[in-house]
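Peer 1: Chains as they are written, first to last, in my numbering: chain D, 26 to 396; chain Z, 26 to 396; chain X, 26 to 396; chain E, 26 to 396.
It is worth saying that the hints were derived from the structure and are not from the lab.
Be careful, since some hints might not be right.
Since the list gives no way to pick one copy over another, a pair counts as held whenever it fits inside one copy or between any two copies.
[To be verified] Cross-link-like lysine-lysine pairs, in silico, DSS-like; alpha carbons within 25 Å at most:
id: 1; residue 1: 245; residue 2: 233
id: 2; residue 1: 60; residue 2: 329
id: 3; residue 1: 60; residue 2: 233
id: 4; residue 1: 233; residue 2: 162
id: 5; residue 1: 276; residue 2: 78
id: 6; residue 1: 60; residue 2: 136
id: 7; residue 1: 329; residue 2: 71
id: 8; residue 1: 162; residue 2: 276
id: 9; residue 1: 245; residue 2: 155
id: 10; residue 1: 329; residue 2: 352
id: 11; residue 1: 329; residue 2: 35
These numbers come from a predicted model, not from an experiment.
4 protein chains.
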Amino acid sequence: MGRTHSNGYKRVSDFFPEIQYVPELKAVCSRREDKVRAFADQWGYKSVETDWKNIISRNDIDAVDICTPNNMHAEIAVAAAEAGKMILCEKPLARTLAEAQQMVDAVEKAKVNNTVWYNYRRIPAVTLAKQIIDTGKLGRIFHYRANFLQDWTINANLPQGGEALWRLDADAAGSGVTGDLLAHCIDTAMWLNGPITDVSAVTETFIKERMHQESGQVQKVGIDDACIFHCHFRNGALGLFESTRYARGHKALYTFEINGENASIRWDLHDLNRLEYFDHADDSIVRGWRTIHVTDGDQPYMDKWWVPGLSIGYEHSFIHQVADFLKSLETGEPCAPTFRDALETQKVCEAVLDSAASKSWKETGAEEFQR
Amino acid sequence: MGRTHSNGYKRVSDFFPEIQYVPELKAVCSRREDKVRAFADQWGYKSVETDWKNIISRNDIDAVDICTPNNMHAEIAVAAAEAGKMILCEKPLARTLAEAQQMVDAVEKAKVNNTVWYNYRRIPAVTLAKQIIDTGKLGRIFHYRANFLQDWTINANLPQGGEALWRLDADAAGSGVTGDLLAHCIDTAMWLNGPITDVSAVTETFIKERMHQESGQVQKVGIDDACIFHCHFRNGALGLFESTRYARGHKALYTFEINGENASIRWDLHDLNRLEYFDHADDSIVRGWRTIHVTDGDQPYMDKWWVPGLSIGYEHSFIHQVADFLKSLETGEPCAPTFRDALETQKVCEAVLDSAASKSWKETGAEEFQR
Amino acid sequence: MGRTHSNGYKRVSDFFPEIQYVPELKAVCSRREDKVRAFADQWGYKSVETDWKNIISRNDIDAVDICTPNNMHAEIAVAAAEAGKMILCEKPLARTLAEAQQMVDAVEKAKVNNTVWYNYRRIPAVTLAKQIIDTGKLGRIFHYRANFLQDWTINANLPQGGEALWRLDADAAGSGVTGDLLAHCIDTAMWLNGPITDVSAVTETFIKERMHQESGQVQKVGIDDACIFHCHFRNGALGLFESTRYARGHKALYTFEINGENASIRWDLHDLNRLEYFDHADDSIVRGWRTIHVTDGDQPYMDKWWVPGLSIGYEHSFIHQVADFLKSLETGEPCAPTFRDALETQKVCEAVLDSAASKSWKETGAEEFQR
Amino acid sequence: MGRTHSNGYKRVSDFFPEIQYVPELKAVCSRREDKVRAFADQWGYKSVETDWKNIISRNDIDAVDICTPNNMHAEIAVAAAEAGKMILCEKPLARTLAEAQQMVDAVEKAKVNNTVWYNYRRIPAVTLAKQIIDTGKLGRIFHYRANFLQDWTINANLPQGGEALWRLDADAAGSGVTGDLLAHCIDTAMWLNGPITDVSAVTETFIKERMHQESGQVQKVGIDDACIFHCHFRNGALGLFESTRYARGHKALYTFEINGENASIRWDLHDLNRLEYFDHADDSIVRGWRTIHVTDGDQPYMDKWWVPGLSIGYEHSFIHQVADFLKSLETGEPCAPTFRDALETQKVCEAVLDSAASKSWKETGAEEFQR
């Protein structure tokens, strides 16, 4: 994630020259000095730190970007907020709702700019979906479904924990696919379709034990390898979500679909420049799903890039979020999703895990995103 | 359905000349004489009846095909079994598990040949999926997901009940999408992946009241417009099922996907001649989902049809089932799915509706299909 | 082809009950008595003949359907016309333009009903393409492209000639892919986009010698294994056509696309129920190719089949042509494409082969199809 | 193009840190001072020039990147070569074969490093195609087809010429789609499948007159709006190429396909991360086109980017070419395609235009690329 964010900061001015703020890469921090120095050299950071507290205490640093494993988010964010620094935090906001609430309290008390890297909102095709939905074209919404399917942990010999595999370690990650992948799906879903009110979930851990990278011991796996839930949205729609790292053949298949009375929309991360759109208002004999190649200058963010038909990629979503964050400094408006927005997503994640553990429906308590 | 079945009986000998039994269209029955006579004329039935009991009592009739609304299945089937007639029954077997059990008891006591029209098993691509799975190529199964999405009842002015719309009338149909659409998905799923052991479901009725065709009164809608459930399979896989008639843009999108340790398979009714297959054993740099156009002579049933590349359609699945039923008369083997197999599906449907009503997980008690 | 045609005659009344004429399968003819008798038994022909002249001389036969290798078309058709019989002839009409002209002269002199089995026009999606084009929605046409790609003759050990492989034998077939596959593409193209005026072609024979089935001798291969041509249409559009039996991975990939000023259309035989349509009049941000699943009752021929979303197959195009032929007997209108229409296609085929042989552009002399 | 190249120079070190050379953006040149200064500010060029000769004469500049309209390529390149500068030149190399030859002579005499921006070779999926072909897996090659379809010049009110629309002006561009789009297709084709030996082409100019931006006069349009040609490759394969700017619905649809005896490959710029691959060696019942999502670390260039499943875009091909160019400085190997390679492509373009003008086949004289 350090690379996608760094790339975002370095490219934003080339493609968004109208933005007055220009990020400066003052310092990068990581515990291993050799690695962090190499990273700083490669990416042009002016200094390195091996203790994140030094970042917080430096006066030449205005904004902190938290890309650590999830178990460090809260402590760093609270300290950064107290030091008056802007914060950009990787998702999920925290391991637990309690941690997340603490972080929200801290940034709101300190009144510091804050945002969370739910980057998929800023894939142009996804932003276009939001624009279409906001026109009201879909009418009453009946269904929302999303999944995020991967297959990279099927091998039982893959260890858990350590620098590369902390996502498999419940202590570091908080949860498995729920916090890592479903959190993305939930953020997009509530952005597009409003709050999820209650959930019924099931989780599964297919490989029960794995060697831990750091201890070398075979230990119980504490994360959810897969999670499925259905739910209600406040607007009356039914929702359906699934995530797994055991779907052979899918590398990072994040898809969502929304079905309204008058129109439907779907999207797929493996073909991220396209949006599919069905409009029941089309003449019946020529009615069908449209495949929109979202690469024209009148489509979101695409006036910044190439000519129609020429694709952009995954990392552009981060550049867009940097751009929007910088613009928010100019306008004084929050840069969504804020920590508070991410708290709503966290409520749903927590309810999902609670529901799976208790085998019962759970209310989420989630509210509308602010925007 | 009368047309697809009649077509099946009339075509089977042309394409399966090796089968010794040749169906004779002795009689067709329906309450309205003018309509049934017209149908008989069109399709070449030799006589008509307006009371189904006459069919049962006729000695020149060996087999009864039940295409009525679901509320008539049990009574007719029990009577037919007692009269020693072979029975081919439309799906779902019955409105309720109790009715279905009665029917199974009747055919088993009478030892009459029986089968249920879960026709999608006999789409060649679906049959091929079964063959591949039976080789063991997929390894341990992690996930099974299926949906059946339609959009034909979104219009709130559509009435319920009567001849054309009995599927919207809970008395006639028993349930909505659960019995009509999910039953197909469950039959395929348990055929491919074994018994579903427990389920957690949610249902929704989006349009709460509709005029009834027969009474002319606006009445409460008793059926489920949409149903979603997740579940466990006995083999440890997680399952996910969704069906609705409110997914704008989808006419009859029945899809399923199965993810194993080593390979995955998916299929889509809108493109029914194709099967998608992912084999992790392929060389990594050229590994990808394969789109198999299932139209070659060495693929299931396709030696009966055209040259490679030339498609068949929906109704062929019925012709194949007629062929297999006739062959079963020669071999003495049951023609799957039998009433008993369909009972297992009925158990899952009933557990799904119970789960949705009680907002809790339910055991299904379903067993392996016999085959 | 005998099977697809027979199936057409036998199914038409079931699905088009409004048509007063009902085909009777009086006789089937083939040189080998055992084979033709088996075929007659399977399909329900009332008698068999082993000399086609007997068919012509029988008074109980009103219509003759010619499914022989191409080298027999002209002789049979001329005799049948002289005997006053209606003729349905497989495509291409003949091996050469001269033969085709003779056949046209014969049917026009005899004033007998006639049609040629360019069946792809009557795939509902293709018929829908025609309807859309006829509305003028596409505006000025710039491009038409089509290909028909197969891969079944790549194996060098495949013999030529004989009953099964006469398509590889230049004497029997007249040409290779040009008459067999491109003829289909040309018929559709001129139906949709008007006459092709001049062509520039290249042909190739990749496997130069093959054993002949009948002689057992290794002989020079006389047919074109592949043929490509570009051309002008009378309306100013550029055309591009390609056919081959050496495109590994394509079983029967017939596709066409037409690009107009305002809209474009494309189609693919491997997914024959779908039509793709692009309408530039759509709002720019939601503009894209539409995938139309042509299975609704208001789309061509589809009121005769199943509910929306349920596919039909290849053979249905023949049933539709039988239906239209029978209707033409009621209305007195010709059933397109007539022999005269097929003559126009033959002109283009001949010009294509001439162009390839002479390595120069050739005028086709083709005229508009009759309606 | 200035943006894609500048982006390439600025990003290369972030993603290819192992390369010792780091581009410095010394100067950017354009005739309009205000525009070039704004561009320099945006992209971080250290100085600006408004006369390209100043670039040539500056001693602090080692490499010149030519992004001008085609009519300036030769003069600048020859001067740069004589000044001993490395040259990276936009495609097509020149307007005519004569100009191109001059440029090749100049760089070869001066022995300066040189490359031409046929960037599509370095889309990872395309590079993977090359790797697969080089293994010999395809066997004897029968067919190669490519097209490049756009729709941006359909509007008859679009003017020609000037800064933005020089591609429509024959003086500036040399030709229309042949040099602009088919040149890409030809470069890829000869890289993958060897020299094209002879061609038969047709061109069309659909809009005959357009207002010229600079003169304000309505003038004859001199470019080819569309060009189609078929050809032979030296290896015996048939080729088919089409390009147009009048294919409504296609923004930048560059596709190619190659059919070998044993396997086939195809690719599509609108979905550039995917490669489709058909391997006849697969078991027949599960044989089908594979869709390879080329985003894994063992696929070309992809170890530099993100995790599997996450896409890259169009501009990455330029970053890859910069990387390969810089590596070529380390290794002393040429960076393909060199000016000499591009000359071979130019020979084919010239033969294509000659063929279209003379309505006859033309030999190309093209040779193997050096690599």
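Peer 1: State for each hint whether it applies.
Peer 2: Status of the hints after comparison with the structure:
no. : hint      : result
1   : 245 x 233 : within (6 Å within a copy, 48 Å between copies)
2   : 60 x 329  : between (34 Å within a copy, 17 Å between copies)
3   : 60 x 233  : neither (32 Å within a copy, 62 Å between copies)
4   : 233 x 162 : between (46 Å within a copy, 23 Å between copies)
5   : 276 x 78  : neither (36 Å within a copy, 51 Å between copies)
6   : 60 x 136  : neither (34 Å within a copy, 41 Å between copies)
7   : 329 x 71  : between (28 Å within a copy, 23 Å between copies)
8   : 162 x 276 : between (33 Å within a copy, 20 Å between copies)
9   : 245 x 155 : neither (41 Å within a copy, 35 Å between copies)
10  : 329 x 352 : within (15 Å within a copy, 30 Å between copies)
11  : 329 x 35  : both (15 Å within a copy, 17 Å between copies)
Going down the numbered hints, you'll see the structure goes against 3, 5, 6 and 9, while the others check out.
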